[in-house]
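Please model the entire structure based on the sequences and the hints provided.
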Amino acid sequence: MQQQEDPQAKPLAPVQDYPRSDMEFGGIKPKSLRREEKSSKCLVYVLTITVVLGTILLTFITVKNTNFGDFRFDNTTGSVSCGLVVVGEFKIPTGRAHARKTKRLNVSVDVSSVRVPNTTSLSGNISSGILELSSHVKLSGKLNIMNIMKRRRHPEMTCFMKLNLTGSSVHDLTCD
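The sequence shown: position 31 = 31 (full-length UniProt numbering), numbered continuously.
Heads up, some of the hints might be wrong.
[To be verified] Pairs of lysine-lysine, DSS-like flavour, derived with a Cα cap of 30 Å:
#	residue 1	residue 2
1	142	101
2	103	64
3	91	138
4	64	91
5	138	101
6	101	64
7	103	150
8	138	64
9	103	142
10	150	64
11	162	138
12	91	142
13	91	103
14	103	138
15	91	101
16	162	91
17	162	64
18	150	101
19	103	162
20	150	162
21	64	142
22	150	91
The hints are simulated quantities; they were obtained by calculation from the structure and are not laboratory data.
In structure tokens, the structure reads:
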């Protein structure tokens, strides 16, 4: 016959390493190990939030010149807003749209929620997956018609869009 082992006959473990003699590290970890684990989790959460709230938009800007002369425009900046708060800015370099042609420009916009105060409904929009943005650009330049007439012009455009965060796409783009 086999002898049954008496549960009280087990040797006692040191108090510092094991809280009870019948348990090993599987149930309870020492305090020093638990502190290190909590700090690493906190770092991962902060990095995750940073990734969610910052994005880069690749935009294609077109300057359509319907006139019979060249339009030369200067350096300018545009802005992207969420509500009334500017969340991103972009630069448009100096360029020239030839007579009755369209000039295409590729611009990247770094949109960040760092400047948005906590009082806005940005967190609600992000949790729903759709973020409403608006952009505004004002160009300054000279219209040169056959080297005879030179006029200063300031075309301006405002666009409204809904950014789908889950699908990384733009919906309902309307421009004025």
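Cross-check of the supplied hints:
no., hint, in the structure
1, 142 / 101, "holds, 15 Å"
2, 103 / 64, "holds, 6 Å"
3, 91 / 138, "holds, 11 Å"
4, 64 / 91, "holds, 18 Å"
5, 138 / 101, "holds, 19 Å"
6, 101 / 64, "holds, 6 Å"
7, 103 / 150, "holds, 20 Å"
8, 138 / 64, "holds, 14 Å"
9, 103 / 142, "holds, 15 Å"
10, 150 / 64, "holds, 18 Å"
11, 162 / 138, "holds, 21 Å"
12, 91 / 142, "holds, 19 Å"
13, 91 / 103, "holds, 16 Å"
14, 103 / 138, "holds, 16 Å"
15, 91 / 101, "holds, 22 Å"
16, 162 / 91, "holds, 22 Å"
17, 162 / 64, "holds, 24 Å"
18, 150 / 101, "holds, 18 Å"
19, 103 / 162, "holds, 25 Å"
20, 150 / 162, "violated, 39 Å"
21, 64 / 142, "holds, 14 Å"
22, 150 / 91, "holds, 25 Å"
When each numbered hint is compared with the structure, a violation occurs for hint 20 only.
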